[in-house]
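K.L.:
With these hints in hand, go ahead and build the complete structure from the sequences.
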Amino acid sequence: MSATFHPTDELLVAYGAGSLDEASALLVATHLALCPRCRAEVARIETLGGAMIEDLPPADLGADALASVLARLDLPPSPPKPRRPAVGSPGLPAPLRDYLPAEMEALPWKRLAAGIEQVVLLQARGIRARLLRIGAGIAVPEHGHGGMELTMVLQGGFADQGQGYARGDVAMADRQLVHSPVADRSETCLCLAVTDAPLKLTGLVGLLVNPFLDL
Amino acid sequence: MAPDMGSALAFSFGSIDDVHVIDMMRRRVEEKGGAVPDQIRSVEPETGATPMSELLVAVAQSGDRQAFALLFQYYAPRLKTYMRKLGTEDAVAEELAQEAMLAVWRKAASFDPGRANAGTWIFAVARNLRIDMLRKEKRPEIDLDDPELVPDPAPRADEVMATQQSESRVRAAMCGLSAEQTEVVTLSFYEDTPHAEIAARLKIPLGTVKSRLRLAMKRIRSELGDDQP
Ligand SMILES: [Zn+2]
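Chains as they are written, first to last, in our numbering: chain R, 109 to 323; chain E, 3 to 231.
Worth flagging that the hints you see were computed from the coordinates, not collected in a lab. Be careful, since some hints might not be right.
Computed list of chain E residues with no C-beta within reach of chain R, every gap over 12 Å [as the list claims (entries may be wrong)]:
id, residue
1, Ala181
2, Glu182
3, Leu204
4, Lys205
5, Ile206
Covered by chain E, according to a simulated footprint, are these stretches of chain R (three or more residues, beta-carbon under 8 Å) [said to hold, decoys possible]:
id, region
6, 121 to 127
7, 136 to 145
8, 177 to 188
For every residue, glycine included, the Cβ atom is placed at its ideal position computed from N, Cα and C.
P.N.:
If you want it as structure tokens, here you go:
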């Protein structure tokens, strides 16, 4: 099974070039684990990066640059961080597991509304990545966006604006969109969501559901 | 006579240039009985590897310091230029270039010449090191051993060679881009905030940067015969 809705070329280029913020990069890397097509695209972008390095004019280095690096070759490197095993977080690709402080069920889930919970994984440069768990058949209260919102399905699926999103699919919302995605009836929907500004709730539900203002 | 460790070190960076580095690599290749490459990016017909990739493999397999010194002489000055283009001051750019080459030495075992050329791999190491050291952020990346990883479709026989030559193919595809497209693709590598800085620098709307980038990537995909929906 592979994804139907992919991150945009701009996101993939920014990820490959290294300019993307950490939260968005987490979403792209998690998508890459599930999508051979986008992996090939990022490999091409990295090849462009390699070609560009080789085409750059060389800068002058200090006279002892090589000697000082050679002198350090035998120093022991700091050990690499072990990656988190799949135990306790079934179905989550490695890049995402690295960001979980605990197993899925032991995470500090916070209730946002009936049938909807979230846990924030990281915030960097004002952009936040969180896991969102939406009960089967539950509709997320209608909301608009102060900025962009990227949502990737990890388990289950949801329908939004007449499209169906399944595991690996990335939905994008921007400033113009006001929407109310609905989780599929068959199972709980687990998503990784990245937002760069607080969501704006619209309508009466928004006024009633205060915790959502924390989104 | 092949250059030994001492003579590799004897070059000061004021005097050594690419011609010397390429010449030393030629002699290493000849010494091993291989074909003499015309230039560093040429592809060995038998292995599909570039001379730079062979040097990196020598570092990985036998901790070959002379091979590392040659890689350093070629890439370290260019990595410093790369760091400076990202707005890093001279002294820090030099430190990052040196640290990146140290990371190249330490991570060499994970270099797979069947997946990437040396230049591509070294670019990725330098990019990640800068994110780690300068931005103090982690770099989320896939793990090729991850059981959740959806595997690549099996490549056709004719695609294996294509992977090994992908760098020259991507370069050729780049030549097919318009000047404006080349500009936004190139600038994408020299910024820390996606695309907004390019728009400001070129004094064009953000939407124009994005559409040029999309067209450029579409063009590159179709040049490489990889244009899927
Ligand atoms: Zn994809």
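K.L.:
Decide, hint by hint, whether the structure agrees.
P.N.:
For each hint, the structure was consulted:
{"no.": "1", "hint": "Ala181", "result": "holds (16 Å)"}
{"no.": "2", "hint": "Glu182", "result": "holds (15 Å)"}
{"no.": "3", "hint": "Leu204", "result": "holds (15 Å)"}
{"no.": "4", "hint": "Lys205", "result": "holds (19 Å)"}
{"no.": "5", "hint": "Ile206", "result": "holds (14 Å)"}
{"no.": "6", "hint": "121 to 127", "result": "holds (count 5)"}
{"no.": "7", "hint": "136 to 145", "result": "holds (count 9)"}
{"no.": "8", "hint": "177 to 188", "result": "holds (count 5)"}
Violated hints are absent here; each numbered hint is respected by the structure.
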